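Chains A and B are the protein sequences, given in the same order. Going by our numbering, the first residue of the first sequence is number 1, and it counts up by one from there. Going by our numbering, the first residue of the second sequence is number 1, and it counts up by one from there.
The hints are simulated quantities; they were obtained by calculation from the structure and are not laboratory data. Values in this document were obtained by computation on a predicted structure and should not be read as measured data. Note that beta-carbon positions come from the ideal geometry of N, C-alpha and C, so glycine has one too. A few of these clues could be false.
[Stated by the list, open to error] Some chain A residues near chain B, calculated using beta-carbon distances under 8 Å:
no., residue
1, D49
2, Q156
3, D168
4, L169
5, F227
6, R230
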Amino acid sequence: MRTVGKLTWLHVYLVVFLVFLYAPAVLLPVFAFNSSRVVAFPLSGFTFDWFRLLLDTEPLFDATRNSLIIAVITAVFATILGTFAARASTRYRFPWKKGVMGFVMLPLVLPEIIVGVSLLVVILQLGLNLSLWSIILGHVLICTPFCIAILSASFQGLDRSYEEASHDLGRSHFATFMLITLPLVAPGIIASLLVSFTISLDEFIIAFFLSGTDATLPVYIWGLVRFPQRLPSLMALGTILLVVSLCLLVAAEYVRRLGARRTGTEASGGFL
Amino acid sequence: MSEPIIRMTGIEKAFGDVRALKGVSMEVRVGEFFSLLGPSGCGKTTLLRVIAGFEEPTDGNILIGGRPMDGVPANRRPTNMVFQNYAVFPHMTVAENVEYGLRVRIKDRNERQRQVDDALAMVGLEGFGARHSHELSGGQRQRVALARALVLKPTVLLLDEPLSALDKKLREQMQSELRHLQRAVGITFILVTHDQEEALTMSDRVAVMFEGDIAQLASPQDLYRRPVDRRVAGFIGVMNFIDVRVLGAVPGGVEVDVAGLGRVVVPAEQAPGGTEGPIVAGIRPEMLTVLFDDSDVAARVTEGEIDEVQYFGDMTYYDVKIDGIGKPVTLAMRNTAGRRVLQPGDRARIGWGPDSVLLLR
Ligand SMILES: Nc1ncnc2c1ncn2[C@@H]1O[C@H](COP(=O)(O)OP(=O)(O)OP(=O)(O)O)[C@@H](O)[C@H]1O
Ligand SMILES: [Mg+2]
């Protein structure tokens, strides 16, 4: 019977696909708690040592702090820029709109290595020092298009008459933006913050090129990979990151649904 | 007559190549219920948005309460608007919606609260203050939009097809409520609608718009009885259009030859647009009568055959074929006690007279 055969193949495909996608992620916590120094089966015993070891690693904390600072500032800046750009592109007509928006969205498809190298050249030519700010600059550049894409959808879904009604009821454009527009696109803004935060947090190439003495977490991890004996603590670190990002995702989805329920809109789409 | 509340002269509005408004001039009187009526795309919404300040006219000027409105933004005009989709802010409660415009005007919280309560009571929404817009029906949402605008005591309230989203029964109820509300508050209302019945029943005066210009501005009665041309006549109510030949002016009117009906002298006031150029005769369905008995009389009588019958309970509409008239003529009869309803195929004597006929350009 053809349909059954088809279904079976699809099932196999699905299972293989999911295994490839998630098996590495599942292996992380498994080896993070494995007492052997060698990352291989069979497992030898349960331990918290690798986590304890992480706690004693000073540079790890510096790298984490750097990454968090960069990711937070990047998320805020990229979302602010994205909000303005998305609003402009959905609400106003201006000359060369297509070209301008295309240019703004370009980093989406630009290889990061090009962004990294060219920014490095520019910063050195200008005689500036590499710092966290140079990484932030690069990250804002690559995150903004994602924010624009997310927020454009929000602004497009926002009925224009809400803003007009607010203006009509005597409020200035600024008050309207703060009191009506922002709350109504809040789910989009949260999504934008989250996405740019995540992109920035695990971005490697630009951070690698533009970090001076302050390494970010991915750059620091890359440094660790060269030492096989540090691999288990790397697994522990990966486990922590996994749990943190899962929590973040769940929290963001919760906030989004809360917002959707308050405004009575259908809580469809989203991340989960 | 007192100074008009709104005076517009030569308002033009172009969107790129589209001329949405082509030199509209009109006046709206203090405290009247004014309607803008016209087919889809004729520029009603655009005109309303020009008054509200959402669209800058390409040309012409507008005075509201004697004050020129050039460059005055929507938030500083003495007008408020009820949007077609009501635009009740979904992230605020009903009370917060109504309070929204007051917050910048009245600093005292208690006074604000009192006015919000009054406004909600006025539209029959006491006790709904804590609800959100998605917990309201369409009619209730519309009341919130009304309260939110009226609480600011605008000089003019603008309503863009506020009833079109409601079902028939609720729409009729809201029509009479709106009318009562307007009388009670005494604020000038400008209502946009494409429903001629709504415009006629609710308004003191109606402006009929076609293709970006006002074709006629008159009271509902005058619009119905004395339409200036065949476009207006065809848009307001039902009208039979019949070919006509002008024979010449005679004392007291114009002598014409109406196809299928014959010669008649039409009083001059029944040719409100003059008789120059190509004209057509217009006859309202209720201006023709079926003469059931031989004893029934009319100024003029003609013969016809019933083609179709539409029975409405209180009225019956007949389509009657009359020799010499291409299309069947529609005729309306009240169903008074004991009056028969004719059947298709029946022959009937049709009565009419000089005052039945309008001459239209
Ligand atoms: N923002 C705009 N950009 C371009 N053209 C527009 C715009 N707004 C209106 N128009 C055009 O102007 C004309 C009048 O539009 P308007 O919305 O005023 O019509 P309307 O009488 O309100 O019609 P409806 O009964 O369908 O609401 C239409 O041809 C419309 O396509
Ligand atoms: Mg309209």
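Structure-based check of each hint:
{"no.": "1", "hint": "D49", "in the structure": "violated (50 Å)"}
{"no.": "2", "hint": "Q156", "in the structure": "violated (16 Å)"}
{"no.": "3", "hint": "D168", "in the structure": "holds (5 Å)"}
{"no.": "4", "hint": "L169", "in the structure": "holds (3 Å)"}
{"no.": "5", "hint": "F227", "in the structure": "violated (53 Å)"}
{"no.": "6", "hint": "R230", "in the structure": "violated (50 Å)"}
Of the numbered hints listed earlier, those contradicted by the structure are 1, 2, 5 and 6.
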